[in-house]
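Undergrad: Okay, here's what each chain looks like letter by letter:
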Amino acid sequence: MLSKRRSEGPVEILELSGKITIGEGEAELRRDVQDLLDGGRRKILLSLERVGFMDSAGLGELVACYKRANENGGTIKILKPSGKVADLLSLTKITEIFEIFEDEGEAIASF
Amino acid sequence: MTPSGKITVSVASRVGHVDLIHAISDQVAALVGFDNDEILNLGLAVREATINAIKHGNGLDPKKRVRVTFTFDDDGLEVAIRDRGKGFDPNSVADPTLPENLFQPSGRGVLLMKAFVDRVEVHGQDGKGAEVCLFKGRREVPDRRRHRS
Chain A
1 MLSKRRSEGP VEILELSGKI TIGEGEAELR RDVQDLLDGG RRKILLSLER
51 VGFMDSAGLG ELVACYKRAN ENGGTIKILK PSGKVADLLS LTKITEIFEI
101 FEDEGEAIAS F
Chain B
1 MTPSGKITVS VASRVGHVDL IHAISDQVAA LVGFDNDEIL NLGLAVREAT
51 INAIKHGNGL DPKKRVRVTF TFDDDGLEVA IRDRGKGFDP NSVADPTLPE
101 NLFQPSGRGV LLMKAFVDRV EVHGQDGKGA EVCLFKGRRE VPDRRRHRS
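Going down the list, the protein sequences come from chains A and B. Take the first sequence: its letters are residues 1 to 111, numbered as in the working numbering. Take the second sequence: its letters are residues 1 to 149, numbered as in the working numbering.
It is worth saying that the hints were derived from the structure and are not from the lab. There's no promise every hint is true.
To be verified - Facing chain A, from chain B, some residues (calculated, C-beta under 8 Å): (1) Val15; (2) Val18; (3) Thr97; (4) Arg108.
Said to hold, decoys possible - Simulated restraints, written as ranges between beta carbons of each label pair: (5) A:Phe111 - B:Leu20: 33 to 43 Å; (6) A:Gln34 - B:Asp19: 23 to 33 Å; (7) B:Leu98 - A:Ser82: 19 to 29 Å; (8) A:Asn72 - B:Lys6: 45 to 55 Å; (9) B:Lys63 - A:Asp103: 47 to 57 Å; (10) B:Glu100 - A:Glu104: 24 to 34 Å; (11) A:Glu104 - B:His123: 44 to 54 Å; (12) B:Gly5 - A:Ser110: 46 to 56 Å; (13) A:Asn72 - B:Pro99: 20 to 30 Å; (14) B:Gly124 - A:Arg30: 32 to 42 Å; (15) A:Ala86 - B:Leu20: 21 to 31 Å.
Stated by the list, open to error - Straight-line alpha carbon distances no greater than 20 Å define the calculated EDC-like cross-link-like pairs of lysine to aspartate or glutamate that follow: (16) A:Lys67 - A:Glu28; (17) A:Lys84 - B:Asp19; (18) B:Lys55 - A:Glu24; (19) B:Lys128 - B:Asp89; (20) B:Lys55 - B:Asp19; (21) A:Lys19 - B:Asp26; (22) A:Lys77 - A:Glu49; (23) A:Lys84 - B:Asp37; (24) A:Lys19 - A:Glu49; (25) B:Lys64 - B:Asp19; (26) A:Lys77 - A:Glu15; (27) A:Lys84 - B:Asp26; (28) A:Lys77 - A:Glu102; (29) B:Lys114 - A:Asp87; (30) A:Lys43 - A:Glu104; (31) A:Lys93 - B:Asp95; (32) A:Lys43 - A:Glu28; (33) A:Lys19 - B:Asp37; (34) B:Lys114 - B:Asp26; (35) A:Lys84 - B:Asp35; (36) A:Lys67 - B:Glu100; (37) B:Lys114 - B:Glu78; (38) A:Lys77 - A:Asp32; (39) A:Lys77 - A:Asp35; (40) A:Lys4 - A:Glu49.
The C-beta atom is built at its ideal place from N, Cα and C for all residues, glycine as well.
Just chain A, same shape as in the assembly (with noise of 0.2 Å):
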């Protein structure tokens, strides 16, 4: 997995490419989301526009951030998840759990 991060005002924007899955990718999913609340960000929004697959491991990862930002006091939304990944966040129900937006700046506008 790879990310990059940029800043819209308050709202950091990470964008992940790649994998999700057990071992690497996981742990720098985890590391970049601690790394941002190490930083006192609070308003995350994870774009997997171009994040090709995940699996339960990747999955879980991203629950487990979305509860450490919440007991931080911050929040983490998903920008255009494409594909399998789409698939697989409304199989698992993860949909319930996330803002999910399609649109960037309706995504920034909603923090």
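Following the hints, position chain B against chain A.
TA: Coordinates of chain B only, in the frame set by chain A:
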């Protein structure tokens, strides 16, 4: 002609081997003639069963091996993933989509297995190791339907 055969792979219980088994699953599924969607779905189910065997069945103990057997014929492809664990009842696993379980960081593997193959069975809950069998059938092709009518 439809290929048939059996391939067995044995790996130590290391997380890094999940990708290897997944890649082999993709290759075998392509050989059998599944389309890209079917290859992706089967691969995800095999991946989840392998994670389960390595993490929960064998407790990430590299001395314990996971054996994966791919058996394919006219009917489809069966993948048997065997570990040294106690096994589990796939029908008694908590439903991760229930509101009280949604925030659990784990417990979604069996749901994914069931969603992406036609049949999931667990054998050998006798303390001597467990085997998860995943089966994905071939879709009927128009030629076959014509022959049968």
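Undergrad: Now, for every hint given, state plainly whether the structure supports it.
TA: Comparing the hints with the structure gives:
1. A distance limit of 8 Å between C-beta atoms decides the matter here; for Val15 of chain B the minimum to chain A is near 5 Å, and the interface restraint holds.
2. Because the beta carbon of Val18 of chain B sits about 6 Å from the nearest beta carbon in chain A, less than 8 Å, this interface hint is met.
3. With a least beta-carbon distance of about 4 Å to chain A, the hint placing Thr97 of chain B at the interface is held under the 8 Å criterion.
4. Hint status for Arg108 of chain B: holds, given a least beta-carbon distance of 4 Å to chain A, under 8 Å.
5. A hinted range of 33 to 43 Å for the beta carbons of Phe111 of chain A and Leu20 of chain B is consistent with their spacing of about 41 Å.
6. Between Gln34 of chain A and Asp19 of chain B the C-beta distance comes to about 24 Å, which sits within the given range of 23 to 33 Å.
7. Between Leu98 of chain B and Ser82 of chain A the CB atoms are about 27 Å apart, so this pair conforms to the stated range of 19 to 29 Å.
8. At about 51 Å, the beta-carbon gap between Asn72 of chain A and Lys6 of chain B stays in the expected band of 45 to 55 Å.
9. Our hint of 47 to 57 Å for Lys63 of chain B and Asp103 of chain A holds, since their Cβ atoms are close to 51 Å apart.
10. At about 33 Å, the beta-carbon gap between Glu100 of chain B and Glu104 of chain A stays in the expected band of 24 to 34 Å.
11. One distance hint, 44 to 54 Å for the beta-carbon pair Glu104 of chain A and His123 of chain B, holds here, with the actual separation near 49 Å.
12. Checked against the hint of 46 to 56 Å, the pair Gly5 of chain B and Ser110 of chain A passes, with Cβ atoms roughly 53 Å apart.
13. Taken as a hint, the range 20 to 30 Å holds for the pair Asn72 of chain A and Pro99 of chain B, whose Cβ atoms sit roughly 23 Å apart.
14. The hinted range of 32 to 42 Å is satisfied by Gly124 of chain B and Arg30 of chain A, whose Cβ atoms lie roughly 34 Å apart.
15. The hinted window of 21 to 31 Å between Ala86 of chain A and Leu20 of chain B holds, with their beta carbons roughly 27 Å apart.
16. At roughly 17 Å between alpha-carbon atoms, Lys67 of chain A and Glu28 of chain A fall within 20 Å of each other, so this suggested pair holds.
17. Under the criterion of a C-alpha separation no larger than 20 Å, the hint pairing Lys84 of chain A with Asp19 of chain B is consistent with the structure, at around 18 Å.
18. The straight-line distance between the Cα atoms of Lys55 of chain B and Glu24 of chain A is roughly 15 Å, inside the 20 Å bound, and the hint therefore holds.
19. A C-alpha spacing of about 15 Å is found between Lys128 of chain B and Asp89 of chain B, which places the hinted pair at or below 20 Å, so the restraint holds.
20. Using a Cα cut-off of 20 Å, the hinted pair Lys55 of chain B and Asp19 of chain B holds, with the two alpha carbons roughly 14 Å apart.
21. Our distance criterion of 20 Å between C-alpha atoms is met by Lys19 of chain A and Asp26 of chain B, whose separation comes to about 16 Å.
22. A threshold of 20 Å between alpha carbons decides the hint, and for Lys77 of chain A with Glu49 of chain A the separation of about 13 Å falls inside it, so the pair holds.
23. As the CA atoms of Lys84 of chain A and Asp37 of chain B are separated by approximately 9 Å, the hinted pair is consistent with the 20 Å bound.
24. Using a Cα cut-off of 20 Å, the hinted pair Lys19 of chain A and Glu49 of chain A holds, with the two alpha carbons roughly 11 Å apart.
25. At most 20 Å may separate the alpha-carbon atoms for a hinted pair to count; Lys64 of chain B and Asp19 of chain B meet this at roughly 18 Å.
26. Pair hint Lys77 of chain A plus Glu15 of chain A holds up; C-alpha atoms about 12 Å apart against a cutoff of 20 Å.
27. Between Lys84 of chain A and Asp26 of chain B the alpha-carbon distance is near 16 Å, which keeps this suggested pair within the 20 Å criterion.
28. At most 20 Å may separate the alpha-carbon atoms for a hinted pair to count; Lys77 of chain A and Glu102 of chain A meet this at roughly 11 Å.
29. For the hint linking Lys114 of chain B to Asp87 of chain A, the alpha-carbon distance of about 14 Å falls within 20 Å, and the restraint holds.
30. The hinted pair formed by Lys43 of chain A and Glu104 of chain A meets the criterion: a straight-line CA distance of about 14 Å does not exceed 20 Å.
31. Between the alpha carbons of Lys93 of chain A and Asp95 of chain B the distance comes to roughly 11 Å, so the proposed pair stays at or under 20 Å and holds.
32. Our distance criterion of 20 Å between C-alpha atoms is met by Lys43 of chain A and Glu28 of chain A, whose separation comes to about 19 Å.
33. Proposed proximity of Lys19 of chain A and Asp37 of chain B is supported: the alpha carbons are some 17 Å apart, at most 20 Å.
34. Taking the CA atoms of Lys114 of chain B and Asp26 of chain B, the gap is near 18 Å; set against the 20 Å cutoff, the hint holds.
35. Between Lys84 of chain A and Asp35 of chain B the alpha-carbon distance is near 15 Å, which keeps this suggested pair within the 20 Å criterion.
36. Annotation: proposed proximity of Lys67 of chain A to Glu100 of chain B holds, straight-line Cα distance about 14 Å (limit 20 Å).
37. A threshold of 20 Å between alpha carbons decides the hint, and for Lys114 of chain B with Glu78 of chain B the separation of about 14 Å falls inside it, so the pair holds.
38. With a C-alpha separation of about 15 Å, the suggested pairing of Lys77 of chain A with Asp32 of chain A holds against the 20 Å cut-off.
39. A C-alpha spacing of about 17 Å is found between Lys77 of chain A and Asp35 of chain A, which places the hinted pair at or below 20 Å, so the restraint holds.
40. The suggested pairing of Lys4 of chain A with Glu49 of chain A holds, with an alpha-carbon distance near 12 Å, which does not exceed 20 Å.
Checked against the numbered hints given earlier, this structure breaks none of them.
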